[in-house]
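J.: What follows is each chain in one-letter form.
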Amino acid sequence: MTQSRRGSIVIVGGGASGVSLAAHLLQSPSSSLRVTLVEKRPEFGSGLAYSTSLPDHLLNVTDKGMSALAHDPEHFSRWARERGFVQGNEPYYAPRSLYGRYLRELLSELAEREPVRLRLVQEEAVSITPSGSGVEVSLANGASLVGHVTVLATGHDDQPEADLAFAIKTEFVDSGGIDRTAPVLILGTGLSMVDAVLLLEARGHTGQIVAVSRRGLIPSPHRPGSPIRLDSADIPLGTDLSYFLNWFRQLVRDTEARGGDWRDVVDGLRPFNQRIWQSWSTSTRRRFIEHTKAWWDVHRHRMAPQIHARLQETIARGRLRLVAGRLADVTSEGDSFRVTLEHRQTRHAETLSVAAILDCTGIAKDVSASSIRIVRGLIRQRLARPDPMRIGLDVTTDCAVVDADGRPSSNIYAVGPLTRGTFLEIDAMPDIRAQCARLANLLTA
Amino acid sequence: MLTRKGKYGLKALVDLSSRPEGQLAFVNDIAKRNNIPKKFLDAILVELRNAGFVQSRKGKEGGYRLARPAEEIRVGHVIRVLDGPLAPFPCASRTRYEPCEDCDEATCQVRHMMLDVRNAIAEVLDNRSLAEMRDIAEDTFEDLKYHA
Chain A
1 MTQSRRGSIV IVGGGASGVS LAAHLLQSPS SSLRVTLVEK RPEFGSGLAY STSLPDHLLN
61 VTDKGMSALA HDPEHFSRWA RERGFVQGNE PYYAPRSLYG RYLRELLSEL AEREPVRLRL
121 VQEEAVSITP SGSGVEVSLA NGASLVGHVT VLATGHDDQP EADLAFAIKT EFVDSGGIDR
181 TAPVLILGTG LSMVDAVLLL EARGHTGQIV AVSRRGLIPS PHRPGSPIRL DSADIPLGTD
241 LSYFLNWFRQ LVRDTEARGG DWRDVVDGLR PFNQRIWQSW STSTRRRFIE HTKAWWDVHR
301 HRMAPQIHAR LQETIARGRL RLVAGRLADV TSEGDSFRVT LEHRQTRHAE TLSVAAILDC
361 TGIAKDVSAS SIRIVRGLIR QRLARPDPMR IGLDVTTDCA VVDADGRPSS NIYAVGPLTR
421 GTFLEIDAMP DIRAQCARLA NLLTA
Chain B
446 MLTRKGKYGL KALVDLSSRP EGQLAFVNDI AKRNNIPKKF LDAILVELRN AGFVQSRKGK
506 EGGYRLARPA EEIRVGHVIR VLDGPLAPFP CASRTRYEPC EDCDEATCQV RHMMLDVRNA
566 IAEVLDNRSL AEMRDIAEDT FEDLKYHA
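Those protein sequence lines, which keep their order, are chains A and B. Each residue of the first sequence is one higher than the one before, counting from 1 in our numbering. Each residue of the second sequence is one higher than the one before, counting from 446 in our numbering.
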């Protein structure tokens with residue numbers, strides 16, 4: 001495809017992945033390139049993840065892993081150091097608000113440097129229609145943007161899924177007017193739950209917090225170590241899940257026997273995670289999502305040691321209670337909810353009254369019920385289809401969105417969490433920036 | 446290194462990939478067609494089943510078939526399961542590393558080059574499917590006929 005046909009690119013979503021993609025695209029020397037970044041929030045750059053202002057909300061990765069630019073992995077580190085946020089050589093877990101500021105500054109520098117090739121539009125993009133040789137992106141205000149290519153960078157859902165309509169996302173804790181002395185239920189026990197607990201604590205919540213997930217596992221803390229060296233030639237690919245997990249466990253045992261830590265194996269494997277995922281059959285992927293992902297996540301997605309210590313203390317004081325089980329029933333009682341939790345092992349049904357239910361469940365159960373309008377719309381128009389696990393959109397390894405008949409689009413692409421059916425681990429910056437760099441190369445080649 | 450086990454395993458899989466989809470093949474027949482000792486083949490097929498490359502059914506009507514389409518099974522993936530990490534020498538593996546008695550791994554130039562070699566091997570074998578491997582023989586045969 002020639003340059004001119006792809007010269008105008010509309011990016012839907014101006015959060016971390018949208019900004020990273022724009023930065024990579026603008027590396028191209030082409031003078032006919034036009035990049036339009038569309039963001040529905042009042043502020044560009046921060047997206048959902050980095051809008052929090054709470055100082056306790058830290059990045060889950062040290063500064064070393066957080067550059068938004070694939071060609072300059074030290075970019076964020078340098079930025080934070082130049083401004084005096086990082087001193088010495090201790091691992092630095094930056095507050096997420098600081099990372100939001102980094103993204104905003106990166107974008108405003110770009111905007112200043114690129115007055116012609118970059119355009120920012122603050123509006124919600126609501127639908128995409130193929131038109132002639134390109135696409136038309138309609139905005140909520142009735143206007144529309146025409147481009148040769150559009151890239152969806154819509155990130156995580158910012159509203160609970162339809163079957164959790166009674167729940168709220170953590171960002172609404174501040175506006176929700178939750179009774180501070182009343183118990184609160186959190187659905188999920190992963191990193192988002194940790195964020196919610198920290199926010200409730202910071203807002204002076206004194207009522208008990210109950211967090212429920214199938215296994216009730218919480219993320220492990222980081223610990224300094226050295227990832228083992230692996231080549232793809234060492235790793236069994238394309239096998240059944242149980243075969244792979246046996247290999248993995250054996251490698252952990254061998255590494256521990258040599259004085260290492262399981263983290264060294266998890267981190268050593270990381271560069272190959274996408275390749276391993278892509279080598280699996282659909283049924284193996286499905287089994288992983290259903291049976292192994294919760295266990296994998298608590299080892300893979302870890303938290304800063306100081307946050308882990310605080311969480312343990314919250315549990316010890318009885319302020320936070322973890323339940324392995326499921327939400328069996330919810331009824332609304334005026335301002336509060338009556339909820340029934342079924343405990344996993346005992347099948348014991350526990351009923352409690354809570355002031356709010358927070359949705360921290362993480363991964364989408366069904367992308368076609370996404371709270372993001374433009375994503376739902378694409379599926380309805382048959383321009384996109386859910387991946388076989390329904391956790392995101394079906395995309396090729398080149399990030400092209402696949403339509404309802406299985407044809408990859410030549411002008412609708414997606415990056416970030418929306419592509420997790422194909423890439424699995426695509427919510428952290430090191431993976432997103434690499435994906436954005438590859439797509440930018442493809443689109444500007 | 447590709448052992449006889451790896452070679453026999455690949456031949457058995459190519460044999461299965463030539464059967465009509467979903468049809469079971471008898472171990473005896475696969476062994477005869479490919480000149481593989483039956484007992485050895487039994488053991489190989491069990492390993493391939495445990496790794497999820499083939500499915501089996503027991504009993505009189507029993508046998509083996511591919512668990513995934515031949516286009517999806519990569520040659521390199523099969524060899525890893527049967528012969529372990531792809532490595533031209535025992536020292537050129539990171540997980541099944543066997544140091545040589547007579548040299549220092551960190552400074553051994555031979556080992557460093559062999560690590561590059563193994564990555565090149567993996568690159569080739571992981572990009573070739575069982576279906577492509579099956580068709581090589583046919584293509585070569587066609588070529589021979591054509592040029593004859």
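The reader is advised that the hints may include incorrect statements.
Pair ranges (Cβ atoms, derived) [said to hold, decoys possible]: (1) A:286 / B:447: 31 to 41 Å; (2) A:397 / B:480: 32 to 42 Å; (3) A:442 / B:480: 28 to 38 Å; (4) B:514 / A:293: 47 to 57 Å; (5) A:278 / B:447: 19 to 29 Å; (6) B:494 / A:442: 35 to 45 Å; (7) B:494 / A:223: 36 to 46 Å; (8) A:129 / B:478: 36 to 46 Å; (9) B:483 / A:278: 49 to 59 Å.
Hints listed in this document are in silico derivations from the structure and should not be mistaken for laboratory results. Please read these numbers as outputs of a predicted model, since none were measured by experiment. By construction, the Cβ of each residue, glycine as well, lies at the ideal position given by its N, Cα and C atoms.
J.: State for each hint whether it applies.
T.: How the hints compare with the structure:
1. A:286 / B:447: 31 to 41 Å: holds (32 Å)
2. A:397 / B:480: 32 to 42 Å: holds (39 Å)
3. A:442 / B:480: 28 to 38 Å: violated (47 Å)
4. B:514 / A:293: 47 to 57 Å: violated (25 Å)
5. A:278 / B:447: 19 to 29 Å: holds (24 Å)
6. B:494 / A:442: 35 to 45 Å: For residue 442 (chain A) against residue 494 (chain B), whose Cβ atoms are near 39 Å apart, the range 35 to 45 Å holds.
7. B:494 / A:223: 36 to 46 Å: holds (39 Å)
8. A:129 / B:478: 36 to 46 Å: violated (56 Å)
9. B:483 / A:278: 49 to 59 Å: violated (36 Å)
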